[in-house]
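Visitor: Letter by letter, the chains look like this.
Protein chains: 2
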Amino acid sequence: MDSNNNNKFMEFPFVSSPHKSLMVDLVSTLENRFHSHLLPSTLPNDVRHYQSQTGSAQASLHIRAAHPHSPIDFVLGSWVHSELPTGGSFDITSLSAYLNTSTDAPNFVFEIIRSSPTNLILILDLPPRKDPVLWPNYLQTFYDDTHLDAHRQALHTLPEVQPYFSSSLFIRAVSSPTGILVRIQTENGGQERMEEILAKHLDPVSKQVLEIWLDKCASANREVGDEEREYLKKRDGVIRNKTIEVDLGSSFPRLFGPEVANRVLDVIKDYFTVS
Amino acid sequence: MDSNNNNKFMEFPFVSSPHKSLMVDLVSTLENRFHSHLLPSTLPNDVRHYQSQTGSAQASLHIRAAHPHSPIDFVLGSWVHSELPTGGSFDITSLSAYLNTSTDAPNFVFEIIRSSPTNLILILDLPPRKDPVLWPNYLQTFYDDTHLDAHRQALHTLPEVQPYFSSSLFIRAVSSPTGILVRIQTENGGQERMEEILAKHLDPVSKQVLEIWLDKCASANREVGDEEREYLKKRDGVIRNKTIEVDLGSSFPRLFGPEVANRVLDVIKDYFTVS
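The listed protein sequences correspond, in order, to chains A and B. The first sequence begins at 1 in UniProt numbering and counts up by one. The second sequence begins at 1 in UniProt numbering and counts up by one.
Simulated from the structure, these hints should not be mistaken for laboratory data. Fair warning: there could be bad hints in the mix.
[Unchecked claim] In silico DSBU-like pairs for lysine-lysine, Cα to Cα no more than 35 Å straight-line: (1) Lys233/A <-> Lys242/B; (2) Lys8/B <-> Lys20/B; (3) Lys200/A <-> Lys242/A; (4) Lys207/B <-> Lys242/A; (5) Lys216/A <-> Lys8/B.
Bound-form chain A, shown alone:
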């Protein structure tokens, strides 16, 4: 771990114990596995931790680039906590890993959005980096042969779990056919049941999907020719630009005000530039 300045991020101070435990385990597993690849974070302090003028929203950002010979481009973790005018609060915690154009293997995306103690959205996916329709072998290798769908199916056996459809069609389009995009509601069982689902179901499923990504994607030996590299560069670029435009670019200014949002987004955009 990049221990000096990383404490604040790894504290996850606003989420429940099983939620924090899952986040810490995922970040540690990913960073330990690629320990020798990842460079220390160079984020300025006011981007590692930032808040809105009133203090009603605060967030922590963690980005580590990899050395030039790694297949990893960078790893990005974050948490956002915001108090709601209604008295409640909402929390987002996320971890994603982007590969560079030396490989065409899928990326890793994990995000939990908690808008109340009994309402949770989970996005857990290995988004394809090539059009899976045009390359059915890609689908076979990374999604069929890895049995990824079994984990999605396992979660869907819980009565509290429903598919989640993002309001952004682009976000839907980038997800894989085995993507876990679910909304979990535990009105009947309350917060206690939600914590149980987090600990007993989301925790193991998330770790298993991360293991698949670590073993079968990030560590895959892929040959990428010049033409394919140009294709990946273009497609990765569209995804990263749209991610900022659709997701971060619209929510950050609302939460943190334009000044703070721009400061943070400018730094993120630097990492999101595909080279």
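Add chain B to chain A, keeping to what the hints say.
Guide: Leaving out everything else, chain B in the frame of chain A:
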């Protein structure tokens, strides 16, 4: 209509009255709108209607190609009826329209699979013909601006409606982000409730989606350059080959025996060849 030999197809003799009415309306609407484009069917009689050796499964196929200056490649309709060893039966009725490479607009796909009086799967989609991730404008034009998702959302307000996930990841991958892929179960309301859902919900939604396809896709004026035409040719080709391999190629021999299945599949493959 291609009236002489088309009667058997348009009879839909094994499905309920609202189901038949919906199919007849969809086929008529599509064929009337493109009346001047579509050529008479040239299918041999033993492909227009065919059955298994024992007669436990029978089917009707309807294909009309279009003249060379039409954006339409061909229109394909079919029904399949099969008696189940358990005493029940299952029915598939479908209508699809494939555009040619003079346009990049989405195709039209409609299919109802009825495995019991209280169990129905609906696939209603305008599958994209370009990777919507690489071309976000394509997504905007054909899916966002046409408000297609409103129809999917409308169906999902019914408590009997659940998302349907095909066991084939390829079938999932070809569908659009607004695709209606749902399973409807009416155990509590029985067959009566299913017929009500067909008449009051599936009927109007299906017709509205077809209208969007007719107005905004099949009639769209699209400029397609040489390079793009090659791309469409390749991508359309993969989709059509995989559709035969994953869908028809596996179910037809099981239902009709290898001899009948091959006879019908050979004819379908002729139309599915992208030129």
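Visitor: If a hint holds in the structure, say so; if it doesn't, say that too.
Guide: Quick rundown of the hints versus the structure:
1. Proposed proximity of Lys233/A and Lys242/B is supported: the alpha carbons are some 27 Å apart, at most 35 Å.
2. Straight-line distance between C-alpha atoms of Lys8/B and Lys20/B comes to about 12 Å, which keeps the hinted pair within the 35 Å bound.
3. Restraint check for Lys200/A and Lys242/A: the C-alpha separation of about 34 Å stays at or below 35 Å, so the hint holds.
4. About 33 Å separates the Cα atoms of Lys207/B and Lys242/A, which keeps this hinted pair within 35 Å; it holds.
5. For the hint linking Lys216/A to Lys8/B, the alpha-carbon distance of about 51 Å lies beyond 35 Å, and the restraint is violated.
Checked against the numbered hints listed earlier, the structure breaks hint 5 alone; every other hint is satisfied.
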